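Spelled out, the chains give:
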Amino acid sequence: MIDTLCDQADASNIAVACVYCDFNAREQSATALFGALLKQVVSALEPIPDQVQKAFGDSKRGVGGRRLLLPDILKMLSKSLSCLRRVFICIDALDEFPAKHRPELWESLQQIILKCTNTRLFLTGRLHIRGEVQKYFPGSANMLRISSGARDIRLYLEMKLRREFELDAMDKELEADILRIIPEVVSGTYVFSQDDEL
Amino acid sequence: MHLLDSKVALCNTNAAKDVLVCCSISTSPSPSTAIPVSYLDNLPNLPENAFNETADTFEEMNPVAHQSPAISITSNCGNITDSFKNVSNKYDISIADEKSAVLKWLSPLEPRERHQTIGMDRMSGVGDWLLLTNEFTRWNQGADAGAKHVLFCYGDPGVGKTYLRYGWQLPLNSMDEAKQ
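Protein chains in written order, with numbering that gives the first Met the number 0: chain A, 0 to 197; chain B, 0 to 179.
Isolated chain A (complex conformation) (with noise of 0.2 Å):
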């Protein structure tokens, strides 16, 4: 998906930025997701945006070095999408970012597509992050249901066989049939994680 963008904006002045939001990272917070997008911004364009140069400037004269601001960070980030013709925000996993913080990353997110019309939002989670979805942005979210279809499974599974088996273990009857039932069971289900136990 990120890669489909990524070849897109070689094209022209496109950008893309991506988080995976994970249980077990560090620091999960609207911050510290909304600082990673900046970063991946501002790395993109050069020279780097004046705002972003004097805050960078202003912090080094505060006492250790001060860190940014929600609020700072998005009138940085709408500045510096502004100078794009198309951004795309990837941000994977919305089930994994802590409930309590979630809000502030639904508001946040609004009030950047709401400044920047050319900001297009990716987003990935469980059934019941789609609820959320829905309030934050009314009208404004298409839903596609994922779900491993069978054809996936197999073209995945074809892979493993020709890939991973010893020749005098597999015959092709053994192989239609896993190429058969597999994909038929789990389609729907399946997971990634367990394909090494094939």
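One thing to keep in mind: the hints can contain errors.
If you want a taste of the chain A side facing chain B, the calculated C-beta under 7 Å gives, among others [claimed, not checked]:
1) G34
2) L37
3) C82
4) I145
Okay, the calculated beta carbon distance ranges per label pair [claimed, not checked]:
5) R150/A to K103/B: 24 to 32 Å
6) Q133/A to A144/B: 28 to 36 Å
7) D176/A to A100/B: 56 to 64 Å
8) P102/A to P156/B: 39 to 47 Å
Keep in mind the hints are simulated off the structure, nothing from the lab. Just so it is clear, the structure is predicted and the values come from calculations on it, not from any experiment. The beta carbon of each residue, even a glycine, is placed where N, CA and C say it ideally should be.
Since the structure of chain A is provided, determine the placement of chain B on it from the hints.
Below, chain B without anything else, positioned relative to chain A:
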């Protein structure tokens, strides 16, 4: 994150050898910017410990390269040259060093590293169907006014939301058409 206006500038500059060294160190996500390691041979004769002394600078530089191979190539070019200068003059802080300092200050996180790890485990072709849906096309190519700005993909744990990967490339002119 790839603003590739500067991409073309890669090839013919005098500083080409610095640029090339830089690229081969970073793990570039885009094959078009990956430079063969053999260009390392073009390095000027350096004192044996030159790389060690500049190791910190390399460390700092890499994250930038991860995020924006195209842009950082130009900036890293300065960075490397100036890093050598720094060996003799530690107080000479270049513009490129300044940029990586600013980026580091903006956020310590490195999402691109995660992206690359995931990329290595993925299989191309899987998930192509999503690119062909109306939802994706409208979201990706629709004009800004009245567009649905959000595309939310949801599904059970483990169905592969994170691993959606598409080998299908969008026609380059599609964006321009969308804009008109």
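The hints, checked one at a time:
{"no.": "1", "hint": "G34", "result": "holds (4 Å)"}
{"no.": "2", "hint": "L37", "result": "holds (5 Å)"}
{"no.": "3", "hint": "C82", "result": "violated (9 Å)"}
{"no.": "4", "hint": "I145", "result": "holds (4 Å)"}
{"no.": "5", "hint": "R150/A to K103/B: 24 to 32 Å", "result": "violated (43 Å)"}
{"no.": "6", "hint": "Q133/A to A144/B: 28 to 36 Å", "result": "violated (22 Å)"}
{"no.": "7", "hint": "D176/A to A100/B: 56 to 64 Å", "result": "holds (59 Å)"}
{"no.": "8", "hint": "P102/A to P156/B: 39 to 47 Å", "result": "violated (23 Å)"}
The structure fails hints 3, 5, 6, 8 (numbered hints given earlier, in ascending order).
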